[in-house]
Amino acid sequence: MVRRLTGRLIIATHNRGKLWEMQALLKPYGIEAVSAGELGLPEPEETGATFIANAELKARVAAQAARLPALADDSGLCVDALDGAPGLHSARWAELAPGGARDFAAAIERVERALRETGAAPPYRAHFVSALALAWPDGTTQVFEGKVHGTLVFPPRGTKGFGYDPIFLPDGLSRTFGEMMMDEKQAIPPDGSPALSHRARGFQVFARACL
Numbered sequence: 189m190v191r192r193l194t195g196r197l198i199i200a201t202h203n204r205g206k207l208w209e210m211q212a213l214l215k216p217y218g219i220e221a222v223s224a225g226e227l228g229l230p231e232p233e234e235t236g237a238t239f240i241a242n243a244e245l246k247a248r249v250a251a252q253a254a255r256l257p258a259l260a261d262d263s264g265l266c267v268d269a270l271d272g273a274p275g276l277h278s279a280r281w282a283e284l285a286p287g288g289a290r291d292f293a294a295a296i297e298r299v300e301r302a303l304r305e306t307g308a309a310p311p312y313r314a315h316f317v318s319a320l321a322l323a324w325p326d327g328t329t330q331v332f333e334g335k336v337h338g339t340l341v342f343p344p345r346g347t348k349g350f351g352y353d354p355i356f357l358p359d360g361l362s363r364t365f366g367e368m369m370m371d372e373k374q375a376i377p378p379d380g381s382p383a384l385s386h387r388a389r390g391f392q393v394f395a396r397a398c399l
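Residue 189 is where the sequence shown starts when you use this note's numbering, and the numbers rise one by one after that.
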């Protein structure tokens, strides 16, 4: 059964980049979004075997703790020549920097090094996945998914976005996600055609069902 969302929503993340993107996507719908990090909610260990399983886990923990609906994203970069890695471990490939923040410059170097070690030649095919899960305090969940395909470029290009954005070049475009402003990357086309980013594509499916 489809359940429509109104009022306040927990974004089940402690990642500022993800929070900013989700708040921007939700703004036209009048949804008040606050992060699990801002509320001091626990950050569960991601033990799922799929992106959807991890998203559901995070959303359920936040919804039960706050007694409010919670939306969680689990996303990652999957590189064909690396058998889908870093995939579910995309964040873990980023070493912790002083202060606890993830160092994605180190993660990007690790991806490039791993590709060299395989002997693979460019173009390096890859895709981003975003699984979204909406959980309600009663335990009900709804799940949605978005993907975007492209190639990896080295050296990284652009300082916008976050994570692996500077090395991801979407198919049909000449700029990496790291060279795009968030408003452009996250824009929802009014004609219903797919958005540019994986998270915005997943959001399109979520919005049609729940908003």
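Calculated from the structure, these hints are not laboratory results.
A few of these clues could be false.
[Unchecked claim] DSS-like mimics (lysine-lysine), calculated; alpha carbons at most 30 Å apart, straight line:
no. : residue 1 : residue 2
1   : Lys348    : Lys215
2   : Lys335    : Lys215
3   : Lys335    : Lys348
Since the model is a prediction, treat every value here as computed from it, not as a measurement.
Violated hints, by number in ascending order, as checked against the structure: Those not satisfied: there are none.
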